[in-house]
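Given the sequences, and given the hints that come with them, work out the whole structure.
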Amino acid sequence: MNYQSMLAWALPMAVGLAAVGSGFGLGRAVGSAMEAMGRQPEAASKIQTGMVIGAAFIEALTLYALLVFFILSGKIG
Amino acid sequence: MIPDKGQNFLEILVEWMYNFVYSIFGDDAKRYTPFVGTLFFYILMNNLWGLIPGGHSPSTSINTTAALAILVFLYAQYTGIRRLGIVGYLDHYAGEPRSILTWCLVPLLFPIHIIGELAKPFSLAVRLFGNVTGEDVLVAAFVSLGLVTLSFIHSPVGLPLNVPFIFLSMLLSTVQALIFAVLAAVYLFLMLPHEEHN
Chain D
1 MNYQSMLAWA
11 LPMAVGLAAV
21 GSGFGLGRAV
31 GSAMEAMGRQ
41 PEAASKIQTG
51 MVIGAAFIEA
61 LTLYALLVFF
71 ILSGKIG
Chain S
1 MIPDKGQNFL
11 EILVEWMYNF
21 VYSIFGDDAK
31 RYTPFVGTLF
41 FYILMNNLWG
51 LIPGGHSPST
61 SINTTAALAI
71 LVFLYAQYTG
81 IRRLGIVGYL
91 DHYAGEPRSI
101 LTWCLVPLLF
111 PIHIIGELAK
121 PFSLAVRLFG
131 NVTGEDVLVA
141 AFVSLGLVTL
151 SFIHSPVGLP
161 LNVPFIFLSM
171 LLSTVQALIF
181 AVLAAVYLFL
191 MLPHEEHN
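Just so you know, the protein sequences line up as chains D and S, in that order.
Each residue of the first sequence is one higher than the one before, counting from 1 in the working numbering.
Each residue of the second sequence is one higher than the one before, counting from 1 in the working numbering.
In short, the hints are calculated from the structure, not lab data.
Just so you know, not all the hints are guaranteed correct.
Stated by the list, open to error - Some residues of chain S that are not near chain D, with every Cβ distance over 10 Å (derived): (1) 46; (2) 107; (3) 157.
As the list claims (entries may be wrong) - Stretches of chain D that chain S covers, calculated by requiring three or more beta carbons in the stretch to come under 8 Å of a beta carbon on chain S: (4) 47–56; (5) 64–77.
Keep in mind that this is a model prediction, so the values were computed, not measured.
Ideal Cβ placement from N, Cα and C applies to all residues, glycine included.
Structure (structure tokens):
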């Protein structure tokens with residue numbers, strides 16, 4: 001089993017797992033934001049701004065996995 | 001001295017930026033609005049340029065995003081040294097020791113704080129680069145999918161399957177530019193002397 005087949009198996013798996021984690025995190029964050037907006041509709045725009053900023057932070061962690069994919073994808077074949 | 005349309009539009013942008021920076025800084029906003037505002041509009045134009053036919057986003061290169069992140073890092077350190085003084089700057093990194101217990105923790109807190117400070121420009125650069133390159137690759141993948149769909153009649157054009165993703169790209173590019181500017185403002189704010197600790 002050479003490193004190329006291992007990379008070809010591991011890299012998409014890594015991106016997929018990162019996406020799962022990000023799905024969990026974003027689901028919780030947006031869920032809490034929706035609940036807060038329901039409790040106090042006057043503060044909705046502030047909550048929405050905070051939610052977008054928090055979502056970008058969580059998304060950044062997924063993108064680190066994508067970055068590793070880009071760096072290593074040239075080594076396959 | 002009635003402002004015409006162009007000046008009015010620019011005033012809307014500047015005032016929006018000033019209110020936005022004011023919500024983070026408070027009264028220091030006037031000093032830091034030019035920097036944060038320039039970052040936001042520059043990165044916004046960088047990101048959106050790739051969506052114009054024949055254009056290419058500079059943010060798809062890690063060199064551009066790393067340069068901007070290093071700029072934010074150096075400006076934050078300079079602001080810290082200028083506003084806090086050298087002693088206050090080192091004090092800020094040592095976690096502001098006041099009692100015997102916190103003095104003993106300084107050899108632990110100092111490297112942790114330095115690593116945290118170095119992680120900030122790294123994450124800024126990678127976040128912007130990854131998001132913009134990811135959107136580009138997404139649009140490219142759907143363009144090639146559209147071409148493949150019509151390949152059985154050897155057509156030179158494909159189905160415009162990438163149009164919804166162009167809109168997604170516009171939204172995410174704006175959000176990423178805003179995130180970069182907000183984080184730059186927050187990192188600058190953290191370097192300023194914060195008085196109230198209770």
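Structure versus earlier hints - violations, ascending order: Result: no hint breaks.
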